[in-house]
Amino acid sequence: MNRARRRKDFFRTAGTWASAGLSVLVLISVFVFVFSRGISTFSFDMLTDNYWATNYLLDIENGEANDFVPPAATDEEKYFSRKFGFSLVDDIDKENNRLMVVESMSALSPLHEGIIATAGSDQGKTHPVPLGARVRRIDYTNINGEARSAGILGQDSSAAKTIERLEIEAVSINGLFYQTTGGGIRGSIISTLMLIGLTLLFALPLGVSSAIYLHEIAPRNRLTSWIRAAVEMLAGVPSIIFGLMGVSMLFRITSLFGINTQSILLGSMTMTIMLLPLIMRQTEEALIVVPASLRMASLSLGASTTQTIFRVILPNALPGILSATLLSISRIIGESAALIFTMGTAISDNPKISQGATSLAVHIWTVMAGEQPNFELATAISLLILVMVLILNLTVKLLTYRINRKWQV
Amino acid sequence: MAAFKVENINLWYDDNQALIDVSLDIPGNQVTAFIGPSGCGKSTLLRCFNRMNDLLPNTRIEGNIIMQDGREISDPSVDVVKLRTEVGMVFQSPNPFPMSVYDNVAYGLRCQGIKNKKQLNTTVEYSLRQAALWDEVKDSLQRNALKLSGGQQQRLCIARAIALEPNVLLMDEPTSALDPIATAKIEDLMQSLKRMYTIIIVTHSMSQAARISDQTAFFLLGKLIEVGPTTEIFQLPKDKRTEDYISGKFG
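Going down the list, the sequences are from chains A and B. Once you know that position 193 of the first sequence is 193 in this note's numbering, the rest is easy, because the numbers rise by one and skip nothing. Once you know that position 215 of the second sequence is 624 in this note's numbering, the rest is easy, because the numbers rise by one and skip nothing.
FYI, nobody ran anything at the bench for these hints, they're computed from the structure. Hints may be right or wrong, so weigh each one.
[Said to hold, decoys possible] Distance windows between CB atoms, simulated:
hint, chain 1, residue 1, chain 2, residue 2, range
1, A, Gly258, B, Val490, 46 to 52 Å
2, A, Val24, B, Asp588, 47 to 53 Å
3, B, Gly479, A, Arg220, 45 to 51 Å
[To be verified] Coverage of chain A stretches by chain B, computed from C-beta distances (three or more under 8 Å per stretch; other residues unrestricted):
hint, segment
4, 288-294
5, 301-313
Ideal Cβ placement from N, Cα and C applies to all residues, glycine included.
Chain A on its own, in the form it takes in the complex:
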């Protein structure tokens, strides 16, 4: 080898190395970014909490002052009320508003005796104040029998001042107003699951059946090759166009069922159309892998074509269909554009099929699109989505590996 050739080879090889390195670097930095930003906000509470904070206005009966013993280890940040047996700490929320949080409660504290005072179906039910409640106001009676308020809505700017006022003035507490934390993604997780379930319910039978028809039953003529080409092209259509089609065309179908808003049903129907090419393609790949000798064997034993498909070919294509399902799920989890149109962007804590809701990906869009983008929550959700998609894709890889091994005799 002469030097010119050696140099040329070196540059070419270096080019491939650099390109591969670059893509690995980008991938790693995406992960590092999402993990480092998201992990601090990510918590189990986030998964189970509602997004919207709920207000509770409680009446407290038998709220007379008593003598409670503070818990053994009280540090300086916690302020304990000896009269009413609870402690408060200061905190700030994501919008930098001051707030006070119930940190501990004695067993006999009157705060366990709350009764919901807000008009509604829950009015009159007992509702103990939970730990972590963001106390806004505490209503009390002073020594002269006058009703007074303590807390942030009662001009006390901190936990220390609130407790101090109660300890000096209060004879009994009569009521309490608090907010739940909120900021959770429980609703979006549920609506994502509903979306996945409904979409698979529509898309799997449709996609698998049409793949079977195209691959096993249909004659190989111009029409079927046209259908095939059309399906392939469908896979390349940007998802926002599907979303547009969803709101304009599929909306008429959902309104036949009396659903006249954006809804999870509409979203899942749109996703169904988007996923058909994927499912058909994956299923067909799985059908191709089934050895022709099994088809021959089945037919030679007097099985009809349909029996052959359902008894031999389909069971053997099952792992492929399963990986199509998993890939579909990760597509549904990751989709946003089409869902913004068809499911809306209003976060719902109690999603219903006939109503709008956000999937996890759209939840990110919503919290970032507001006037005060909630970057921490957005990255925490991204982390969740990333982990889910990663797990799904690894499972697909594993399945594909096992299918390939099965037929290597």
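Model the placement of chain B on the given structure of chain A, informed by the hints.
Coordinates of chain B only, in the frame set by chain A:
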């Protein structure tokens, strides 16, 4: 009594003529061997007997095959699905379904709609006994058939075909993927099966044809060159080409 009378069969794949004017009788309860070099049309003719050629696109067949009951095999009144239960087939390489041994043998019956557990059990045992496989698998009927050895798999495929109680067994080079011991077992099996079934076997092995068949047909380039009792074909071939092939001058 002839199981099949083949009359002037011509067959084309697209524009290639694979069989040219073939006529012969297949005697019942005997082993008929089809021999000849690769591409001579012997497997193609075999597939005519259960109409597996129907499955290949662009295939055209002329001529008749008359069945034992006098009907023509490609007659519209012949139900091809039923025909294949009467004419069983064993393929070149063992192709059991990736399910249990039991399910493999019961497959054909279940496709016929037979669900009776007792009947299935009886038939599965009978067929596996017939295929000389029962003693080896009777304790592991629920085992995946793909875990059996190649020879066992091929005998399973024979049992699977026998389960439907066919009249005829077509065997397309059934031992070409097997070792000599497994081959010997299959050959013994054929000797005992011919009492009950008409067997047509395609083989590349001249010695196998000589050992097991009663009648031999020699094919060359789509034509039937010579057919007759095996001893005559191998000892006193009438045609020069048959003699050359048998003595190994080409092949």
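**Request:** Hint by hint, work out which the structure violates, then give me just those numbers in ascending order.
**Result:** Number 3 only.
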